[in-house]
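> Throw the hints in and build the complete structure from the sequences for me.
2 protein chains.
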Amino acid sequence: MSGKLFDRVALIGIGLIGSSLARVLRRDSPDTVIVACARRAETLEAARRLDLADEVTDDPAAAVAGADLVVIATPLSAYAEIGRRIAPALREGAIVTDVGSVKSAAIRDLAPLLPTAVHFVPGHPVAGTEHSGPEAGFAELFRDRWCILTPLPDTDAGALARVTALWEQAGMRVVTMDAEHHDRVLAMTSHLPHVIAYTIVGTATDLEESLKSEVIKFSAGGFRDFTRIAGSDPVMWRDIFLNNREAVLEMLQRFSEDLTALQRAIRWGEGDKLEELFTRTRAIRRSIIEAKQA
Amino acid sequence: MSGKLFDRVALIGIGLIGSSLARVLRRDSPDTVIVACARRAETLEAARRLDLADEVTDDPAAAVAGADLVVIATPLSAYAEIGRRIAPALREGAIVTDVGSVKSAAIRDLAPLLPTAVHFVPGHPVAGTEHSGPEAGFAELFRDRWCILTPLPDTDAGALARVTALWEQAGMRVVTMDAEHHDRVLAMTSHLPHVIAYTIVGTATDLEESLKSEVIKFSAGGFRDFTRIAGSDPVMWRDIFLNNREAVLEMLQRFSEDLTALQRAIRWGEGDKLEELFTRTRAIRRSIIEAKQA
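Taken in order, these protein sequences are the chains called A and B. All you need for our numbering is the position in the first sequence, starting with 1, plus 2. All you need for our numbering is the position in the second sequence, starting with 1, plus 2.
Treat each hint with caution, since some may be false.
All copies of an identical chain are treated as equivalent in the list; a pair is satisfied when it fits inside any one copy or across any two copies.
Claimed, not checked - Below, simulated SDA-like cross-link-like pairs (lysine to any residue); rule was C-alpha separation at most 25 angstroms, straight line:
no., residue 1, residue 2
1, K275, E132
2, K6, E142
3, K275, R256
4, K6, A64
5, K214, G271
6, K219, R28
7, K6, F140
8, K6, P155
9, K219, R230
10, K214, P114
Treat the hints as calculated values from the structure; they're not laboratory data. The structure presented is a predicted model; accordingly, all values stated were derived computationally and were not measured.
Laid out in structure tokens, this is it:
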């Protein structure tokens, strides 16, 4: 779906997600002016070199001036400071959205700072790879993936529709959800898997040297998938865990109880219990294949 | 590498691995006679239909009669019974190998039963998918993967060389290793990841219904990779955990300690500690990419 939805888009953060969205806009909406904002000069230089932006700046306030859409695509820990800096510079009627993985934190840090004449539409395109930075992005990243928007009770319906259209242009299926509910679902589908993958890869790095080198060599048996997940951006993930603490700890607690039960079944040789669980999990895999998410 | 290495090969078990090896033999060694043995009539019927064998039987003793190579490719729990049944029927000088994931258990269950005039070469082609059965196999399954052979001190060098040549024909890189060491390496690279994946998918199935359906819907964020692993064959994996109990429990214990430490860091908001770990695990991912196992 082509067409210009916005005249001037400010991308605050031009990493994997920001730069992929820039590529979508370049492809489908070549008349849209893109302003990229990042803290590091190398990142801005890359954005220019890759033709991801018409203008670049390290000043969020300058970036948002005149923009009808502002997309915050930085780690969550930067949100409050960005909110403070852009608030006075936002155009009346501008739409502010974000792509962060914890929606209650995004709302907590941004909503109180934004002027009432600005429309805030918190969002989360559920897409990514373990790579980061402007070079890692690609326009097809979002294709056939879900985008979850978590509007507030007073979010303007027109603004919500325009952000929906943006992500649909990127090829996403858009749903809306309550922010707290989003954070619990993602704690299970994404945050807990990352906690676990980071942990197991950490456990492997602490092995004695002879074992460790062979773990890398023979990683094809399952471990490799975990290392891919555990190769994701460290700062982004630090922020996700710190900002979705309650939901992550709850899911982690459930997981730990189940792991202890499984450990006990292995120790006591309870084969029937193991086989029963493994048959149940195979059924879940089939549901996911049927839901076309595999 | 084409060429006939064996005249008559008995495949005891014709699932993912057995049927993939049959396909390799059909491709590279069309004159080799293949005998497939399985307990279920449907499996034997599938082996015939897919032209994976010249002869099929549900009797292991009949299958191995006259074979110069016997490949045991069943779940580990069947080994002892198979050993008892084939021992009197094995040809003098025959080579017996297997593909099981726990080498000390394979040796424990088979070595004492086999006649001294037979050569036993325990082996583990480290390759697989989450699918099982004769339909799931394909000749390219083994390509560029590792095969670990764990010969005994008295294993015949000629027999070891011939089994090495077989897996090299299938495209594998073959190494030899002590059986106990193999079992510890695989406990970390394969068995622990499977314990964890089975657990987390089990945790998700126990969620309240509204959350569970959305976990399936939005599984793209990491959970999906775990469901793939947790979709693996239930009986095969039950047997692996029961037969590599000590090594799996040791790795699980290390993992649990590390998980508890990470959980504590999340609870107390120790961002530096999280970022430090995540940076370390990213480096491991890079080693795996450099080792060309990604």
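> For each hint, tell me whether it holds in the structure or not.
Status of the hints after comparison with the structure:
1. Only between protomers do K275 and E132 lie at most 25 angstroms apart by alpha-carbon distance; the minimum there is 20 angstroms, versus 35 angstroms within a single protomer.
2. Taking the closest pair of Cα atoms, K6 and E142 come within 25 angstroms of each other only inside a single copy of the chain (18 angstroms); across copies the shortest separation is 47 angstroms, beyond that limit.
3. For the homomeric pair K275 and R256, the shortest alpha-carbon distances inside one copy (18 angstroms) and between copies (23 angstroms) are both at most 25 angstroms.
4. Proximity of K6 and A64 under a CA criterion of 25 angstroms is satisfied intra-copy only: 23 angstroms inside one chain copy versus 73 angstroms between copies.
5. In the homo-oligomer, the alpha carbons of K214 and G271 never lie at most 25 angstroms apart, since the shortest distance is 28 angstroms inside one protomer and 30 angstroms across protomers.
6. Taking identical chains as interchangeable, the C-alpha atoms of K219 and R28 are never at most 25 angstroms apart, the minima being 41 angstroms within one chain and 30 angstroms between chains.
7. Taking the shortest Cα distances, K6 and F140 sit within 25 angstroms of each other inside one copy (19 angstroms), while across copies they are farther apart (48 angstroms).
8. Proximity of K6 to P155 under the C-alpha cut-off of 25 angstroms is found in neither arrangement, the shortest distances being 28 angstroms within a copy and 73 angstroms between copies.
9. Taking the shortest alpha-carbon separations for K219 and R230, both the intra-copy value of 15 angstroms and the inter-copy value of 22 angstroms come in at or below 25 angstroms.
10. For the identical chains of this complex, K214 and P114 are neighbours neither inside a copy (49 angstroms) nor across copies (32 angstroms), given an alpha-carbon limit of 25 angstroms.
In this structure, the earlier hints numbered 5, 6, 8 and 10 are contradicted, and the remaining ones agree with it.
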